[in-house]
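K.L.:
For reference, the chains in residue letters:
Protein chains: 6
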Amino acid sequence: MHGPLMSEMTWPEVDAAARAGAVALWSVGATEQHGPHLPLSVDHLIPLELSLRIARRLHVVIPPPQAFGNRSRPLSGGGPSFPGTTSLRAGTLVQVVRDVVGQLAAGGFRSIAVLNWHGENVNLLHEGIELAREAGDLERPDGGGPVRVMLIERVFNAFSEAEMAFLFEDAREGFPGWPAEHAAIMETSLMLALRPDLVRRELIADDRAAVRPFYDLTPTPPEHVAASGVLAEASRASVAKGERLAALIVDRLTAAISEALDPPAAP
Amino acid sequence: MHGPLMSEMTWPEVDAAARAGAVALWSVGATEQHGPHLPLSVDHLIPLELSLRIARRLHVVIPPPQAFGNRSRPLSGGGPSFPGTTSLRAGTLVQVVRDVVGQLAAGGFRSIAVLNWHGENVNLLHEGIELAREAGDLERPDGGGPVRVMLIERVFNAFSEAEMAFLFEDAREGFPGWPAEHAAIMETSLMLALRPDLVRRELIADDRAAVRPFYDLTPTPPEHVAASGVLAEASRASVAKGERLAALIVDRLTAAISEALDPPAAP
Amino acid sequence: MHGPLMSEMTWPEVDAAARAGAVALWSVGATEQHGPHLPLSVDHLIPLELSLRIARRLHVVIPPPQAFGNRSRPLSGGGPSFPGTTSLRAGTLVQVVRDVVGQLAAGGFRSIAVLNWHGENVNLLHEGIELAREAGDLERPDGGGPVRVMLIERVFNAFSEAEMAFLFEDAREGFPGWPAEHAAIMETSLMLALRPDLVRRELIADDRAAVRPFYDLTPTPPEHVAASGVLAEASRASVAKGERLAALIVDRLTAAISEALDPPAAP
Amino acid sequence: MHGPLMSEMTWPEVDAAARAGAVALWSVGATEQHGPHLPLSVDHLIPLELSLRIARRLHVVIPPPQAFGNRSRPLSGGGPSFPGTTSLRAGTLVQVVRDVVGQLAAGGFRSIAVLNWHGENVNLLHEGIELAREAGDLERPDGGGPVRVMLIERVFNAFSEAEMAFLFEDAREGFPGWPAEHAAIMETSLMLALRPDLVRRELIADDRAAVRPFYDLTPTPPEHVAASGVLAEASRASVAKGERLAALIVDRLTAAISEALDPPAAP
Amino acid sequence: MHGPLMSEMTWPEVDAAARAGAVALWSVGATEQHGPHLPLSVDHLIPLELSLRIARRLHVVIPPPQAFGNRSRPLSGGGPSFPGTTSLRAGTLVQVVRDVVGQLAAGGFRSIAVLNWHGENVNLLHEGIELAREAGDLERPDGGGPVRVMLIERVFNAFSEAEMAFLFEDAREGFPGWPAEHAAIMETSLMLALRPDLVRRELIADDRAAVRPFYDLTPTPPEHVAASGVLAEASRASVAKGERLAALIVDRLTAAISEALDPPAAP
Amino acid sequence: MHGPLMSEMTWPEVDAAARAGAVALWSVGATEQHGPHLPLSVDHLIPLELSLRIARRLHVVIPPPQAFGNRSRPLSGGGPSFPGTTSLRAGTLVQVVRDVVGQLAAGGFRSIAVLNWHGENVNLLHEGIELAREAGDLERPDGGGPVRVMLIERVFNAFSEAEMAFLFEDAREGFPGWPAEHAAIMETSLMLALRPDLVRRELIADDRAAVRPFYDLTPTPPEHVAASGVLAEASRASVAKGERLAALIVDRLTAAISEALDPPAAP
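Protein chains in written order, with full-length UniProt numbering: chain A, 1 to 267; chain B, 1 to 267; chain C, 1 to 267; chain D, 1 to 267; chain E, 1 to 267; chain F, 1 to 267.
Rather than coming from a laboratory, the hints here were simulated on the basis of the structure.
Do not take every clue at face value.
Not close to chain C: a few residues of chain B, all C-beta gaps over 10 angstroms, as computed [what the hints assert, rightly or not]:
1. Leu52
2. Arg56
3. Phe82
4. Arg133
5. Arg140
6. Phe159
7. Glu173
8. Thr220
Which stretches of chain A does chain B cover? Using the computed rule of at least three CB atoms under 8 angstroms from a CB of chain B, they are [stated by the list, open to error]:
9. 117-131
10. 211-221
Remember, it's a predicted structure, so these values are computed and weren't measured experimentally.
Positions of the beta carbon are idealized from the N, C-alpha and C atoms, including for glycine.
Construct the entire structure; sequences and hints are all you get.
P.N.:
Structure follows, in structure tokens:
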């Protein structure tokens, strides 16, 4: 039996999974610079790896991750000036979400979970889901009422204070706020745990923008962007932090998906 | 001399102000339920009132506030089920911002500040500004290079820990997170300070949703939404908190606008 | 009891008004130059003031006026070259109207009236309403059938010949046609009656474009635009004309709204 | 030499005409009911026939007329309920105009005239032209600066009072206003003069809606629409009126095009 | 009785035809260079002429042909560099199709056939039809279920090998593939048969691009485009080929329309 | 050194590759049923695998493949009724292409190749590229003129007759035309060669729709779609055919990319 990657499944296999009540668990991320030590795929690879772990517990089907996200912004991802950062305009992403979510519903999935890992996608995924709903695309084709759609827009909203402390206790400046936590402790740790083959350990180094204003400015002044693309302390990342964080997130998401969408156990 | 409200100014007056280096300071908010004790205009009235205070110090022109914002979401504003909540689709708001910002630039303003007070507008204002820039609409008509645009997307990003403590020290559950801080301590306090005539004090009461998940679910379960529309503790609001907070915000924004856009002092 | 301004009402108050059969009476205008003697808000302030007078007779709720309208055109508003004129592209306005009208219907209003005061909005308001209808957004949430929407696109279509004569009898060139009647007799008179605080009387002066062709030309030749932004005779405006005209319009609109939408009397 | 119809010309012939300074004269109309006696093509056939007459005097090239226009409205064209009325949404028409005008400029025409004959297209043609201009599509490919675009939005704006009197002197109710002058005296007369083969004379009859309000209402009440689709007095139409009117319009348009765009005489 | 051209019919005539079960047979083409010997209208004139022949056998109504199609591409139509080629962007054409097809259904036609003659329109017509269906615009107004829509995207898909041999047997290079068969044997022959008045016989000449790659390149290299706009052998065209081909196509389309949509015989 | 997959590279690595003249080689496909024996990813996996082989010879960077393509159509891919088929609307795909191609150019790539493997994407990729060009997004950021974009829309256009004969010589019905060659000889052979782990050999079986009309019909009659999703003879597929075909395509594409874009050899 192939799965849980939809791209490796045939249509009768997807059909059977959807009929069995599997959740379509779709990762949405970005292709965005993450410093000299992390690949451009961090924002779509992390949710994909987490999804694969969730798939060991719950019956889910994983559609092809959305590798392109909304415009990278200077204060939270370095912005558009880094080669390799490849973004969509907001309207494009909204339409992608509207279409894909609607098509998953048309394919027979009775519940869908969207797992986001890119701050610049906030509000756009919700919009895409709402547009699909308004168009009638989230009604079950079997007449069984609305398809349920779960949106996990910011995973870190699920973190407790204790967990935050563990993550940032040895950081010289403490928790820098989520926007600046880019290519830094959390993401580097997670990549060390989930895809160590893609981390250039020898290139891990701290960096930060000269200033971190609470506002954006266009055109972007150079002092608002760190030259390396690392926006805070990457050097305090560790495999241990990554493993614990990954386990924690998988637990939380598994519990939340079970609670909200009630899928069968993994086959 | 009329001003700083653009709606009360004539075109030669706007022309003179723009030539003098005034900043166009535009409020973007929402028309959204804020419980039984606050009016629907909280999200566009607060930034407007703050702008009027800033106008006492800096030379700014205040275009008509954008009263309609992006879709209210259940976990941060109660969502679309409350009568009176009147929202725009995301694409609509993006285009409004693109057009208005571009027109202010065409009108001769060399710097523009966008002051947002609605979480659901996050990322959309940035998109609108970028679309205007890409279309060439943010080039100064006098050939003087790009118009500078400042986006204040989340004012509370400017708050220090001490200030947060002051605000939430007497709240039974402490700081509930910004999404849930809707029609609660911060906004009620500010309205008590800025527009007390619009606060129904006798109706101030705490409320909260039965559950506060870290994810959204469509269709929205009733337990995700507080029946009154108040998502946390409104009863701990006070005029004193509001005054201190308003003063603090006005100070911060005045300093930030001066730093980033360098307008003349108020005429 | 607050009202009729929706921005000053709470959601339970709006809910009660909608249930009681109140009409949502929405002004749509523009932010457009009106010469050196009138403010940029003429096109959204006049319908708002008229609405407030109607609200003394009929039970209406007044949502935040739409201050930005479609592109000002040279022959009817001076066009885009005047600082302060701040317009939306046509598609933007259409979507704003589609969304707002649909949201008012979703909020429980069983009837909506759209009051326009900007010639360049013609056909766009109708399009927005039709798009909302096509999307199913104008069905009553209580299943009671379609929400009724009244569009008052050109108020002056309601004027009789006698009334036109009164307005223009002492004008040297007579009635110049509605497009050229911009910042001239009608609008200056109405502002003198409705918002005299915003009229710079000492700056009232006649003007007109060197030529008034029956066609538009792009790029706009300078002789098609009056330098002051006044397109005809403003000097023949008077408080008396304004009062009579305002009274007449309020009477006509009150009668028409009653006839078409049958709201209760003002509470 | 073929011409002036672009559809009958080859590309080298169009090239030669554009280089010689010919004006691209494009008709935009509608496919809309015009009662039982006139064909659905009235609104695109009349401007086409007028263009052919202009082409005897001025060097013009006539691109394929735009047969589909914006939504027919009940008070000015009977609305969407008549079989055969085939309309575009506003946004569609705007984009058609943007593209076609831009392409004519790209093809080498240094001046373009758009001749409209459908009230519901008002403002949309202007928007399409402006969008083309903003996109840079109205710059001459030879670097010679902006292409000139003339928009004749309402031909009847060119009529004098004397001419109006001639047209409507024997009408029982006089001039009913342009919106109601649909399939009535003016259009029937013009068709009798320009395309008598398409007029069903035996079916010419007066009609009118039971009421003619100054506002639109959705859903449209039946009494707002004349059952036949004729909105005023068609029986007072005559070949003589049509001939005189056609001659007058051709004279006016020829003079205006000459004045504004200065094309060579017809080849 | 007027017909089958909808532009010559009145609304009651269209109504009667639709009620009688007539098919709306709509031609979609392009305005695109076809060398020095053929007019720009080839792509919308050929399907129109074929439709008129079909109308002698089946009861069809022919709406105004869509004269503007999607962007001409260098390898299949010479591309945008030829004066007179007047194209729409893809999104524009999709919306035109969505609107027109939906309006024909609203007008009472129970079946619609779309006849395309422009390779660059491929997939866009299908999209337009699907968008109309998704919007609910292809439901019969009488509640009789879905309107049937037939899309004839590439007529030559109906040709047999024998027919291909007849067409290209005397061509020096044989069948060059359909994209290159532009303004060449097939189209020139058909025009010689259908509209010989529009063929400049003395200008018929072979041409071809210097290279015919299997890929497109932007910017287009000059060697990818034939200078004359003729992409293959036009000189082997003949009236006989055109007559036979036209007869064959009309037979095939008549049979296919009968089979799929079952209209009455021509009245 | 990581590569050629952009998702595994860091931003400095992409920067270096782009500066060295590497081509961005982007696969665009679909997620579409391919019968019971092939996975849903065939249309994006095949071009990705081919790209990886090309990367052994030429210096290319491979951005994340576009896994979602335009609507599957019944006659060429089975259409939307198969679970797992997950399509985008045409406008969505066009915008994705516009954005991604523009971003690759902004990232410093001086040449881009788009490799398509989904018939329903035809014309849409070209549109996306043109929109990026029109918006100025295909100008090199270093001022070096236009970025070159190669579009390989239909790879099989590069096949010779001899190669077609080899592929289809033992097929009972011969070559069925490319639309019907879905999940059949060509694609099954290629998957057997490129990704044998994903082919369910025991489920390979021939199928075909009961009829194969040359036109589309909406709603789709069941006899137009093969129940299994295989539209022709899959059983004649073989590893040998797949290997030969893959080698041939890689040779052709390598040669074509070299010729058109002239990248360095693989590093």
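K.L.:
Looking back at the numbered hints, which does the structure fail to meet, lowest number first?
P.N.:
Number 3 - this is the single hint that the structure violates.
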